[in-house]
Amino acid sequence: MKLDKIKKGQTCRIVSIPSQDIRTQVIRFGIAEGELVCCAEIVPAGPVIIRKNRQEIAFGRSLAKQIDVVLN
Amino acid sequence: MSGCHDANTMEDLPPCSKKIVLAGNPNAGKSVVFNFLTGMYVDVSNYPGTTLDISSGRLGGDVVIDTPGVYGISSFNDEERIARDIILTADIVINVVNAVYLERDLFLTQQIIDTGVPVIVALNMIDEVEKQGLRIDVQKLEEIMGVIVIPTVAVLKKGLVELKNAIPSAHSGNITPNLPCKLKEISMATGSQAEALLIIEGDQAVACRNCLQTESFREEVYLLRRKHVNEIINQTVFETGKGSTFSTTLGRMMIKPLTGIPILAVILWVLYEVIGIVIAGNVVGFTEGTVMQGIYEPAVRMAVGYVVPLDSWLGIILTGEFGVLTMTFSYVLGLLLPLVAGFYLFLSLFEDSGYLPRIATLVDRLLVGIGLNGRAIIPMILGFGCVTMASITTRLLSTEREKRIAIFLLGLVIPCSAQLAVIAAIIGSIGISYAALYGLVIFCVLVIVGTLLNILLPGNPTDLLIDLPPLRLPRIGNVLHKTFTKSYAFTKEAVPLFAVGALIISVFQLTGILLFLQKMMAPLTVGCLNLPRETATAFIMGIVRRDFGVAGLNGMHLSPVDGLVSIITITLFVPCIASILVIFKERGKKEATIMWGGTWVIAFTVGGIVAQVFSAAKNISHGKIMVALVFIGMSIITIIFSTVFHRLKAVKCLRRVES
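Keeping their order, the protein sequence lines are chains W and B. So the first sequence is numbered by numbering that gives the first Met the number 0: it starts at 0 and just counts up by one. So the second sequence is numbered by numbering that gives the first Met the number 0: it starts at 0 and just counts up by one.
Keep in mind the hints are simulated off the structure, nothing from the lab. Incorrect hints may appear among the rest.
Computed, partial: chain W to chain B, Cβ under 8 Å [stated by the list, open to error]:
#1 27
#2 45
#3 52
#4 53
#5 54
#6 61
C-beta atoms are modelled at their ideal positions from N, C-alpha and C, and glycine is treated no differently.
Work out the full structure: start from the sequences and follow the hints.
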């Protein structure tokens, strides 16, 4: 499923991120393909906020639609 | 202050001096450490872009250079390119990291260590670690990374002396294990491990200057480094308990529209109360009325009167209605300074608390509609401080298209602090309903123009991807320091500009040019905007500085409707000379000229619509409702048009793919 379908509080594993540019940027923030992350918050129709340990990143909605995840 | 290239070739550098470079993620506290080491002032700022000017200073015989806050040195933007170039030529790097956010910050640390340069790590904000329910094994951290690690609390100057003393013993650390063997091969060719590293990470510019092809190991190297950093974290950071959850909860509330919008509204209301009512009313009443007009101006007139007659042309230029000695100082010190200081105080609080990226997340959805993403809110908000400075920070946006839209909207709809201050003062005198109407009209113009630009410019908005730093209580010393230095910078810049402006207007007045220009502009000011002819002076002054224009209106005793029309027009009207120059520099002659012309047309069109609707209305309150309806209506039509346009575009795209 895609990241935009996740619900608040759910944990998922990131399967794939489409663009190399985005992949390298999120690696620097601490999140990579294959890692377990938690959905900290969802802004209605807006960004999805992903949390790994204490690091939080906001993904714009249309970006979240392109990220493949599996629920844990 | 010196640019990055100057920094590399500092001429008066003693032959054996070392180049000490400060590096770190945004908001890690580099600038505070820099101030301590060099004793020289540098602006303490949260956002990349605002510290784009590189500061350098001396520490004994050595030179210390500050770099912009970055997450890595990978040429993703200007800041990273600048940081990269400075770090590559450093003798020692002091890497300031946020102890609470090691997972994020150590990525840069490890990248710097991988370049082979000697590194010292300042483990900053160590006092926050315990509050967050964490414990860090500093010794173990030193051992794994192979570099000196010194716990610090930079704002309280804790650990900084130890940091300074450790500089001579800095050494290279342990590089990420299992880096591709290609690294060694290229190191031989370039003679530098650092350059080789960036080449295998696919850095075009570094490869180019070594006459080599880039290698595509970026992701592989990044993943190895990430894995290594995660390993370091696992061995050195321990959760001891729950830590404070209040800031986490509040941080979340700021992002969700249901709670975030009311929080933003309350903050804006407090802003209005403090600046529009308390400062604009009481404080300015004292500084402008009592001090400047009551004591300063008569004193100046008396002093000048001894030398030249006050009604001579020199007397009028110096102390007349637009006197260089009277108006300049009364406006800048009496009227603007208290208001501007108030705005900078709030801006510094926003920056220091970590609220800005949360606003970006909250408003992302809205900005996508005007071709931007949430990140664009940062230059927009900074624009309320100073449009000129904010125009430079549009560099943090990722595409030319976004920079183009953002900079145009910034010049058009965002009033700068000085201007906003006077607007607040005018609104304070005409009432809250006009304030709401003013906000509504400006907001609708933002929506309409942004939506149209999103349709007209080729391409699509890019997606938001932003790091949410911890929400924290602003450090009051830091906030006051920032407010003070920014207000001081404003005064220093405003006084000569106002003096020149006052001089020009006085000369125009004495030679009759002013009357001529007023007549020339009469069809616009009197005919279209229904304003007294004298307001033309305010518009002419507004080209020099926008707040100058509004300040001119402030003394005119306009009716509430006239006041509303003029502040709307002046807000949309061309930005000040300094921002126009920056816009020309950032966007090029052709584009900037179109933008400049566009703001003239839009300002008078919108002002004209408001004025004409009021004059067509039966009474004032009927007029208010009509104006609101007209602008809301126009926005809705634009949005519908845009939706239809994007649907059609999507269908066309689909058809092309299918065929």
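Right, here's what the structure says about each hint:
Satisfaction of the interface hint for residue 27(W) is found here, the shortest Cβ-Cβ separation to chain B being roughly 5 Å, below the 8 Å cut-off. Restraint check, residue 45(W) versus chain B: the minimum CB separation of about 4 Å is within 8 Å; hint holds. Here the hint on residue 52(W) is kept, as its CB sits about 6 Å from the closest CB of chain B, short of 8 Å. Annotation: interface hint on residue 53(W) holds; nearest CB of chain B at approximately 7 Å, less than 8 Å.
Taking 8 Å as the C-beta cut-off, the interface hint given for residue 54(W) holds, the closest approach to chain B being about 5 Å. Satisfaction of the interface hint for residue 61(W) is found here, the shortest Cβ-Cβ separation to chain B being roughly 6 Å, below the 8 Å cut-off.
Of the hints listed earlier, there is not a single one the structure fails to meet.
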